[in-house]
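Participant: Given two chains presented individually in distinct reference frames, assemble the corresponding complex, making use of the accompanying hints.
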Amino acid sequence: MSKQKGAKDLVPGGMITEAGNAREYETGDWRTEKPDVDHDKCIHCFFCWAYCPDSSIIVDPEEGKMKGFDFKHCKGCGICARICPKNAITMVSER
Amino acid sequence: MGTVLGLNGNSAVAHAMRQVNPHVVAAYPITPQTDCVERFAEFVADGRVDTEFVTVESEHSAMSACVGAAAGGGRVMTATSANGLALMWEIVYIAASMRLPIVMMVANRALSGNINIHCDHSDTMGARDSGWIQLFSENAQEAYDNIIMAIKIAEDMSVRLPVMVTQDGFIISHALERMELLDDEEVQKFIGPYKERYPMLDLKNPVTYGPLDLFDYYFEHKWSQIDAVEHCLPIIQKGSDEFGELSGRNYELLESYKLDDAEFGVIALGSTCGTAKEAVDRMREAGKKVGLLKVRCFRPFPTEHIIKALSPLKGVAVLDRSSTFGGFGGPVFNEVRSALYDAPERPLVIDFLYGLGGRDIFMEDIEVAFQRIEGVVTKGRIDTHVDFLGLRE
Ligand code: SF4
Ligand code: SF4
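Protein chains in written order, with the working numbering: chain P, 1 to 95; chain B, 1 to 393.
One chain only, chain B, in its complex shape (with noise of 0.2 Å):
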């Protein structure tokens, strides 16, 4: 049986990392993700991991080496945290494309200026289309949880793409909770051995990564890139039931809190999620019949989940906690309602981008939005799409 730890999401995955023991883990420091990989680093330092430690002078050098280890047949892990995303970019997107099964963690931070180190989800937003497999968590259970099914899921065969997992920064990197870890032979029987595909250090068989790709062929190989992100659904749900076997936690593309009988539903990512049940049950204490859609994962996003979720309910509160500057609504609200355009029963839906930079949600907030959807059915008609909740005007 598993071990019960107090511990911080950012040790929480390093611990996950530890039982993972990949071959190379390439990482620069930036909070708030560094305290995780500097646990890593003690890991690697005593001698209990196997691991390849690259310390690089930046994070597009960190995803430089992933992919290079990764290319060259290993299993491949790294962190990085807002800034060091954005840094990352041009290899993040390179990663996907060579279909390298890197996974990384990013602790939720908000992107500069002005100079912020705390929560939001500006940063794996902006990383949304980079064609990554995007697992957000609740928690830090949820945190070392998925990692450890991102690992199995990326590797599939039939997946073969990078995933990152997400944290909300602070909230979760740095807040400690009672945590279960698995047994470490556990782990490693989930993931099983690395499976190698068409490593460059098979001397044998040589092959080219990242070639000159024009007008001829790119656009090929685009779509089965598209295709492989379209596909892998089913695959996700698969290796999260085969955890729940073993560990008795049980993930879904999208958790649905109360909404059987719903008839408002609020719908959110990440920690606000754990506010936003305790905000449903107070209201349901209330007699108000009032549940919570919870995005486990975004990418690829599970459209006929949300069509099913959310069809029967007469009203959705979409939370973004980051915004498109001058799109219509948050990144999660733009999807939300466009999936929802083809579904022949419909709630309404509205937006509220909320907690940027870090900015507190209290249950009150989420009442709040509850409050203005109901309105807005009674009343039959919208007449603010987006709006903000905790900002002073």
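Only chain P is shown next, with the shape it has when bound in the complex (with noise of 0.2 Å):
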């Protein structure tokens, strides 16, 4: 979690006044079970990066390859595991 700002440093009006500063707001500590993914399973379809709700998988467009994972957002929902077609991402436990 970034630092947070006290009440007397915030806009009035709670209006968000950058663009895109939702990556300020670090979802990964939210995670119980995180994704790991088998790279010799993958066949770098991207499903899971159109499906992921937090954007955090990491792809390389130059290569068209799947990279793997921004843990500080991700928040371990499942989805790309559940989406996957070829089985190639397994949640494993953090705790």
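A few of these clues could be false.
In silico DSBU-like cross-links for lysine-lysine, where the CA-CA straight-line distance does not exceed 35 Å [claimed, not checked]:
no., chain 1, residue 1, chain 2, residue 2
1, B, 308, P, 8
2, B, 204, P, 5
3, B, 238, P, 5
4, B, 222, P, 75
5, P, 5, B, 195
6, P, 86, P, 41
7, B, 204, P, 8
These aren't lab readings, by the way, just hints derived from the structure by calculation.
Note that the structure is a prediction, hence the values are computed from the model and not measured.
Facilitator: Structure (structure tokens):
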């Protein structure tokens, strides 16, 4: 979690005045299970990338490859594991 | 110089809105407010204002459109009454939370049920905790003046809060009075051009209004709203003083009427203050040391001013035109008694609920209130804290 501002430092009215600042909200600390990919099984179809609600699948568009996960923001919902046509992703407990 | 006209409160406010010439008005008809917005719609149709007039399908939509327009960067006004205000409820709070300086006239009317179209303060008293500034008017002139002051106060960069200007339904909204209107240019000069703050239509500086705000920041945002409301009393007074210089009509947060050497006082809001002044005059002629405290600004509640005005008195009768149903007396009584609790010298305070659903209040009723508080003080004890005026039991 990034450092939180005090009440006196906020924009009156609670508006967000910076575009795209949702990335500062690190939802990664909500996670209890994390996805783990078996790169040998992966066919780089990008289904996981399309379905991830937190834009947390890291892909290399040049190479056309699925690379892994952004664990600062991946909240461990398991959608990627469910959608993967090759069962290349498994959810593992972080407890 | 201004113009002298015979107008009712609704028309007076419609003229104030015409002179303000807001970017957007979104409103829905409801008695007794309707003919205010009807008059304003005529000004729109006749091309006398530049306003985008949005005819909506409900008050919920009216306030929603106002919020959108104000967030977009416009000067925005509306008007409503009673059940219309109740239907707006959700968005009324949102307008204040987003610090949007919308100005709304409320022609006070009793909330249903049963269905009643006449005056009491249950509508705006219900909205007292919504974060809006609330200015009550004694007559049509004050309603007109308050609207113009409200624009200036709401839009002050240190305030940026919505303002509700009330006038008693029918008693003020539909009664013809001698009115002094300022010149159109004077009003424009007084309010100045609208100053935007974080307008959504500024595409170069994108901004998100009303995002999800959970346990990590909501509390801090509420503090900042509480702080803003608590600190706007001096700006309300400053706006009123500047208006006084322009118009010759001077307004305070509270108006003291013959309270200086008084022993007993009544407190009231709205048109009843006119009746109470007459009653005070009549009782003064009979040698009674009585006076009136008129509350013009109810939100934020001017606690310090109340203490200063009431502390020297022996007894105070509060006149409440709405009930809290199970609370300790009406809303004005609640606030006044609470304000006085820590005062080193404080009067005995009793409450009278009166005028619900438009029941008339007469000078004789106010004299009864004075007699009762005098009796309480003589006895040195309050037997009945909350009673009724003008009720058939
Ligand atoms: S677990 Fe959920 S949040 Fe994390 S990468 Fe998979 S789909 Fe995205
Ligand atoms: S869905 Fe499965 S196969 Fe497709 S890219 Fe993601 S991990 Fe690889």
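Participant: Indicate, hint by hint, whether the structure satisfies it.
Facilitator: Quick rundown of the hints versus the structure:
Straight-line distance between C-alpha atoms of residue 308(B) and residue 8(P) comes to about 31 Å, which keeps the hinted pair within the 35 Å bound. Distance hint between residue 204(B) and residue 5(P) is fulfilled; the C-alpha atoms sit about 25 Å from each other, no more than 35 Å. Pair hint residue 238(B) plus residue 5(P) holds up; C-alpha atoms about 32 Å apart against a cutoff of 35 Å. Of the pairs offered as hints, the one joining residue 222(B) and residue 75(P) holds, with about 28 Å between alpha carbons and a cut-off of 35 Å not exceeded.
At most 35 Å may separate the alpha-carbon atoms for a hinted pair to count; residue 5(P) and residue 195(B) meet this at roughly 27 Å. Of the pairs offered as hints, the one joining residue 86(P) and residue 41(P) holds, with about 6 Å between alpha carbons and a cut-off of 35 Å not exceeded. Distance check on the hinted pair: residue 204(B) and residue 8(P) sit about 26 Å apart at the alpha-carbon level, within 35 Å; holds.
Comparing the model with each numbered hint stated earlier shows that all of them hold.
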